[in-house]
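S.K.: Hey, can you piece these two chains together into the complex? The hints should help.
Those protein sequences? They're chains U and L, same order as listed.
Residue 286 in the numbering used here sits at position 286 of the first sequence, with consecutive numbering throughout.
In short: position in the second sequence from 1, add 401, done, that's the numbering used here.
Bear in mind the hints are in silico, worked out from the structure with no lab data behind them.
Positions of the beta carbon are idealized from the N, C-alpha and C atoms, including for glycine.
Check each hint, because a few of them may be wrong.
Stated by the list, open to error - Across the chosen pairs, the derived CB separations fall in these ranges:
hint, chain 1, residue 1, chain 2, residue 2, range
1, L, ARG593, U, ASN304, 53 to 61 Å
2, U, GLU77, L, GLN642, 25 to 33 Å
3, U, THR274, L, ILE833, 55 to 63 Å
4, U, GLU49, L, GLU546, 56 to 64 Å
5, L, ASP475, U, PHE8, 56 to 64 Å
6, L, ASP475, U, VAL139, 40 to 48 Å
Said to hold, decoys possible - Over 12 Å on every C-beta distance to chain U, these chain L residues come out as not near it, computed from the model:
hint, residue
7, GLN575
8, GLN672
9, ARG738
10, VAL762
11, VAL773
12, MET803
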Amino acid sequence: MLEIKPVFNALLRSKAGAVMLLIQIALTTAIVSNAAFIINDRIDYLSQETGYPEDEIFSFTVKSFDPNLDLSQKFEETETMLRNIPGVENAGLFNASPLSGSGSATGLSLAPASERGPDVRAAYYQADENALNILGISVSQGRNFRADEVIVSQTRGVFPLVVIVTRTLAKELFPKGDALGQTVYFGSDPLKIVGIVELMKGPWLQDSKPDNVAIIPFVSASTFQHIIVRTQTKQRAAIMRQIEDLMLEDHSKRVIIGLNAMDVKKAEYNASDTLMLRMLMVLIIVLLLVTALGIFGLTVFNINKRTKQIGTRRALGARKSAIINYFLVENAMICSVGVTIGSIGAFFLGRVLLQHYSIPALDNMYILSTALFVIAISLLSVLMPANKAANISPSIATRSI
Amino acid sequence: MFLHYIDLSWRSMKRTPLVSMLMILAIAVGIGVTMTSLSVYHMMSMDPIPHKSDKLFSVQLNTTDDGNNWWTEDDVPLQLTYKDAMALHNADTPESKTASVRALFTVHMNNQEVKPFLASTRIIGHDFFTMFELAFLYGGAWTSEQEAAATPVVVIDEETNDRLFGGENSVGKQIYLDDTAFRIVGVTKQWRIHTKYYDLNNGAFNSPESIFMPITLIAPLEIQNMGNTNGWKYEEINTFQERLQSELFWLQFWVELNTAEELQNYRDYIQAYLVEQGTKSRFERKIPQFNLKDVNEWMQYNKVVSADNKVLVGLSFLFLAVCLANILGLLLGKFLRRAPEVGVRRALGASKRQIFIQHLVEVSMLGLLGGVIGIGIAQLGLWGVRFTSNEYASLATMDIKMLLAAPAIAISACILAGIYPAWLVCRTQPAIYLKTQ
Numbered sequence: 001m002l003e004i005k006p007v008f009n010a011l012l013r014s015k016a017g018a019v020m021l022l023i024q025i026a027l028t029t030a031i032v033s034n035a036a037f038i039i040n041d042r043i044d045y046l047s048q049e050t051g052y053p054e055d056e057i058f059s060f061t062v063k064s065f066d067p068n069l070d071l072s073q074k075f076e077e078t079e080t081m082l083r084n085i086p087g088v089e090n091a092g093l094f095n096a097s098p099l100s101g102s103g104s105a106t107g108l109s110l111a112p113a114s115e116r117g118p119d120v121r122a123a124y125y126q127a128d129e130n131a132l133n134i135l136g137i138s139v140s141q142g143r144n145f146r147a148d149e150v151i152v153s154q155t156r157g158v159f160p161l162v163v164i165v166t167r168t169l170a171k172e173l174f175p176k177g178d179a180l181g182q183t184v185y186f187g188s189d190p191l192k193i194v195g196i197v198e199l200m201k202g203p204w205l206q207d208s209k210p211d212n213v214a215i216i217p218f219v220s221a222s223t224f225q226h227i228i229v230r231t232q233t234k235q236r237a238a239i240m241r242q243i244e245d246l247m248l249e250d251h252s253k254r255v256i257i258g259l260n261a262m263d264v265k266k267a268e269y270n271a272s273d274t275l276m277l278r279m280l281m282v283l284i285i286v287l288l289l290v291t292a293l294g295i296f297g298l299t300v301f302n303i304n305k306r307t308k309q310i311g312t313r314r315a316l317g318a319r320k321s322a323i324i325n326y327f328l329v330e331n332a333m334i335c336s337v338g339v340t341i342g343s344i345g346a347f348f349l350g351r352v353l354l355q356h357y358s359i360p361a362l363d364n365m366y367i368l369s370t371a372l373f374v375i376a377i378s379l380l381s382v383l384m385p386a387n388k389a390a391n392i393s394p395s396i397a398t399r400s401i
Numbered sequence: 402m403f404l405h406y407i408d409l410s411w412r413s414m415k416r417t418p419l420v421s422m423l424m425i426l427a428i429a430v431g432i433g434v435t436m437t438s439l440s441v442y443h444m445m446s447m448d449p450i451p452h453k454s455d456k457l458f459s460v461q462l463n464t465t466d467d468g469n470n471w472w473t474e475d476d477v478p479l480q481l482t483y484k485d486a487m488a489l490h491n492a493d494t495p496e497s498k499t500a501s502v503r504a505l506f507t508v509h510m511n512n513q514e515v516k517p518f519l520a521s522t523r524i525i526g527h528d529f530f531t532m533f534e535l536a537f538l539y540g541g542a543w544t545s546e547q548e549a550a551a552t553p554v555v556v557i558d559e560e561t562n563d564r565l566f567g568g569e570n571s572v573g574k575q576i577y578l579d580d581t582a583f584r585i586v587g588v589t590k591q592w593r594i595h596t597k598y599y600d601l602n603n604g605a606f607n608s609p610e611s612i613f614m615p616i617t618l619i620a621p622l623e624i625q626n627m628g629n630t631n632g633w634k635y636e637e638i639n640t641f642q643e644r645l646q647s648e649l650f651w652l653q654f655w656v657e658l659n660t661a662e663e664l665q666n667y668r669d670y671i672q673a674y675l676v677e678q679g680t681k682s683r684f685e686r687k688i689p690q691f692n693l694k695d696v697n698e699w700m701q702y703n704k705v706v707s708a709d710n711k712v713l714v715g716l717s718f719l720f721l722a723v724c725l726a727n728i729l730g731l732l733l734g735k736f737l738r739r740a741p742e743v744g745v746r747r748a749l750g751a752s753k754r755q756i757f758i759q760h761l762v763e764v765s766m767l768g769l770l771g772g773v774i775g776i777g778i779a780q781l782g783l784w785g786v787r788f789t790s791n792e793y794a795s796l797a798t799m800d801i802k803m804l805l806a807a808p809a810i811a812i813s814a815c816i817l818a819g820i821y822p823a824w825l826v827c828r829t830q831p832a833i834y835l836k837t838q
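Just chain L, same shape as in the assembly (with noise of 0.2 Å):
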């Protein structure tokens, strides 16, 4: 029977060509172009940890004066103090836990062979692998001996071992960062992620870093961090020492914890911190302030999706709306204008119900064929959203899921459209046609 409905309909869409290309043609636009938004809007708004990403948190704390004004919705900075990551970095509680900052080195071998290049480096605690899911291709992450000690290790990305060593197992051989020589402890695979979730600093979509580098080397190495460096009152910093001991901040802090416990053992961890410090007089606020953000929270807060982002996707939603009223007036004249035709099958004994199904079986054609083609101008959007951003590169694509939705929201919206002609049409008395004919 169903493929019978399917007959009937292609017979149909036959007969009246023009109307039939005109409706596909409009679900076809609006499913394009609906897609398009809805599709990098998918990509930026994706969970990037998502087993996960309820249990680690960034920390906020806030220790300015009161009356400070920040660019966050609630007035709190983004980033820490050195002293302050460090505290809770050393600190024995959370199990894991790690400060985190860029930094941009020169990379060579010390030789005239390779030539030198920049590498965008992340400098962390060695929690930060297990607890950000890097998965290692030889060797692993640096001890916490050696991270207590600030021995001058690394852990290189596959891409830098490909460009260094031919992608051999490099664990324990010499590269260069500026004038430092490290030793290469681990090799990480390839990280793909395409929203650098753990620091929204400079551009959300950004690579991840290709080398990692222990958080205690900061001190000794003087390393200089590459991203956002803000302050809230005069401070005289004429030297490193100075600087690490400012109120300037320059880092991320992130924790995992695992249960609601764990959780507010560590609330009253921070609390109890941040009254002790207040008590130093570094900052004069009556009510500590600090936050616990988890990772889609952390989006959100930072609005890794933008404004713009948003509006596309309504006016998007909008434009697709026209597209099916569109579609709704003209199948309205198609059916009725089929009402003798109707006529006679009611006679011969088709029910409602099968007259009701036969239409909306031919609607979803219509809107399979138009997302199959909407799915086509779609690609074609992305095409141009990728040539004109480079940030948005590897966000303007369909994924497997948008792929399906694409035909399963052409196939609703027609069915839609088509509810209300279908049931017009299946409402036809047979005796007025047979009469005339």
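Isolated chain U, as found in the complex (with noise of 0.2 Å):
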């Protein structure tokens, strides 16, 4: 039996500790939604498919300070020494390097730059017909590159005139989904798709297009070139130890830098966001802790208060169960009212972070599920002292008096 009534009455009477709970609660239920949402977005981020086998390839960066050095030519060697590795599957010269946060991005368009039609932006990868290979991923409608197809130049003279390009780019460039075969423009060279594949992220997983991607069959060594490998799994490691002196030993009028496996330089490029998400993560735990704990030395408090009432209710037969009952609904009164105040207040902080720090727009479901959360936790919280509380012995009351 409840009895809403007199638990009520009772509170009326010490209003502010009431009052201090409710706020708290509150307050917790506006953080706790708005940081898991938060972080659920994050999650969602940080997970997210890029296409790559990422943990069988790394990179690195050549910086070539030989004056007379043939860059083509030694570039074309220094691959195949890569290949020959034994564990390596396959190597080769990029412009850039995935997910790296460092790259070159374009507008492709339908019409030539002369006539200035309206482009699409796309990052673009510059490598030669290894370069799905070298990624770990698979052509899913055309072909791939042939291999003379693929222009080695170091000026832009001569231009490729064909391109592979992701799912997502082909769509916005030909919405009606009949971009293979068709021509769009690079600047003012054509590049005829003959090629696209389901998935490959760009350099910069935060750009508003991170899959507007291009593959160009171009290769141009520079004296900073960027060079990616993909080995077996379990011997990559191993392989990247040695890269340094392999690189050395081929040629010595050159540094080698930025030597990462591609989880890595991922996980490097996104830290800001782990770090958002371990901070939020910690402090939701803490925070329901100290409400935990608040709730809990607060009904320890009031107990110790009215030991002597608990005797006495005890002594006119008042069973245990209506002692525990007692704390169980003074505790849920004030729950149900903060856990209301607090979602109105949690929309509204989901809609000042919405328009002033461009986090998403907070989902209700989260409300919910912090409310309901939060008052199990706060019951929780009540069951131990209060079960201490029906402990109280009847004889309690008649002693003291």
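M.R.: This is the structure in structure tokens:
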């Protein structure tokens, strides 16, 4: 039997403590629901599919400083050397390294640059016909480049005639879905789409269009050259350890920098998101802990204060369960009001975050589940002290008078 | 009297150890979380050059056609083209100004002893050193004559000097950058700034460059910049010369303007420059658009403090509020339970004021203890931040201001929470309690 009226009346006699508990629960609900939502948003972002077998790939950059070196020829030899390392699946020159936060983008358009038509922003990789194999990506429609389509040149004088694009880019360029075989323009150079891949992220995961990516079969060895290597997963670490020595043995007038596994590069690029995620998680856990302890402490206090009354009630015939119920009902009353206010607060806090801090709109499901969770925690924190209260012996009431 | 109050508070804490511990823990955790995010925010938003930040201005020119969008809030590109940067760099006005761009060079001594390494290099005018207050260990900046003649000279930093010359005075010695020999004219003292405010393009919290080189060397040495290069229209660029003449944006530009008058004059100068460039039909723009932003405005414009950080600081203060509500509730219970004792003290002649102050002292003690433990928790939090992100390594520390702020915030928060309970308890009517005793 729930005795709401007497509990409520008793509450009115010590309003301030109840109000504090209420504020605490309201704030907790508002903070936790928003923080949980942001956490989930970041987890989705951090765990998204990139299309690459990230644990097989590593990349590095070669800075060459020998003025008399024929770069194209040297790098051809270097590629062969790298591909012959036991455990290496494939390796090659790239203009940029995926997921690393550094690369090139351009506007691809349906008309040559002289006509100034609308264009679609896309990141692009330049590499030879091994590109997809090195990145561990397969063509889903059309075909890969042929070796004779690859242009190796130090200038833009001759440019390739074909391109492979991601499904997302193909759809944006040709919404009807007939992209394969069509021509797009890179500046004034026409490129025929010969292949489409399902998923291949660009260098910037935080880009507004991270899925718009093209591969152009163009190799232009430079003094600041990125190289990507795909290995057997288990051998990657061992190969990475010897790469600098092998590269310097291959040619001494160069410096190797940025040697890193693909998943590590991605983690570095996303470090601030990981940080936000972790800090919010700590915040939520500690907050719930503090709130639970607060409720616990306050209940213990109230019970101590009311020891005599409880003893009297027990002496007058109240069951243990009635005592427990009393505290549960009292807490549930405060808590439900707090949670209601907190939910409204959460909604407005979400609006503020959306408007001023470009955080996506709060899903109301988060408010609801947080509210239920807070109520559960709150009742659990009362249960233990309430049990203790129920064990107060009726004799206490008689003895101290 | 004060000491007596402290003694009383100590006794009171010992009497209710569980509740006291809960309260101290609550304030400590609240302070720990708040100080962790606040310290990072404080380091990020700190003025990097306080006595001069309102005199250094970053210049932006909008040399795109009308209707072009950029990712900045006012659609003005962040960087300048080479021709504009050099035109402003070579202008007569103002006295101190510099174009600036970053490049990467292989540093070696053209021998087998020193293993070649890569050094981040800043390419600038000689005014850069005085404008941004770099101190010299040996030598100094190159002269304007050397700069005008594009002499291959460099300034290196202390760390590079230690690495190459074992910390000796290396002025006059030679080093090789890629395949060119350079003569060292100066060695700078380590430049300690946490925000790389003069070039926020590739990570606002990266270390400054370690080698400095005259900007006039870009053309003869065909130096490729290492940073952001952005275009807004298609241009056929095959040679380096074409690149220099192109509309690509890849250089920063800074001026030092000491008075409002200088600022106004420079505004007029740029306005005139843009009108003149517009008439050469480089771009179609009805009203010339440019920005002069001082250091702090520039950092805000470039969003050095990320939205995430502000959200975290906001949420942590809300968290602190929860802790306060928590403490307030517990204090109410604790103080009111002591009413009989207060009644006796009042009857023996203690004034309301004394009771009130006594309770506030007790609350402040809780705050102080909580604040000190909170600093410990914050250090743990900051360690976690450094562990997660290399970029934040130099930011996730507490400077002396923050170390003092922690107990200050803790004590004032506790006093805030304690005022109402202390006021309630000091109004105790002695008569009631004396009767029941």
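S.K.: Give a verdict on every hint.
M.R.: For each hint, the structure was consulted:
Checked against the hint of 53 to 61 Å, the pair ARG593 (chain L) and ASN304 (chain U) passes, with Cβ atoms roughly 56 Å apart. A hinted range of 25 to 33 Å holds for the C-beta pair GLU77 (chain U) and GLN642 (chain L), which are about 31 Å apart. The hinted window of 55 to 63 Å between THR274 (chain U) and ILE833 (chain L) holds, with their beta carbons roughly 59 Å apart. For GLU49 (chain U) and GLU546 (chain L), the hinted distance range of 56 to 64 Å is satisfied, since their beta carbons lie about 59 Å from each other.
Between ASP475 (chain L) and PHE8 (chain U) the CB atoms are about 57 Å apart, so this pair conforms to the stated range of 56 to 64 Å. Between ASP475 (chain L) and VAL139 (chain U), the C-beta spacing of about 43 Å keeps the proposed range 40 to 48 Å intact. With a least CB separation of 16 Å from chain U, GLN575 (chain L) remains clear of the 12 Å interface cut-off, as annotated. Separation of GLN672 (chain L) from chain U is adequate, the least Cβ-Cβ distance of about 29 Å exceeding the 12 Å criterion.
Distance check for ARG738 (chain L) against chain U: the nearest CB is about 6 Å away, which does not clear 12 Å, and the non-interface claim fails. Remark: the non-interface label on VAL762 (chain L) is consistent with the geometry, its nearest Cβ contact in chain U lying 21 Å away (cut-off 12 Å). No beta-carbon of chain U is positioned within 12 Å of the beta-carbon of VAL773 (chain L); the least distance is around 18 Å. In this structure MET803 (chain L) is separated from chain U by more than 12 Å, as the shortest Cβ-Cβ distance comes to about 17 Å.
Hint 9 from the list above is the single one not met by this structure.
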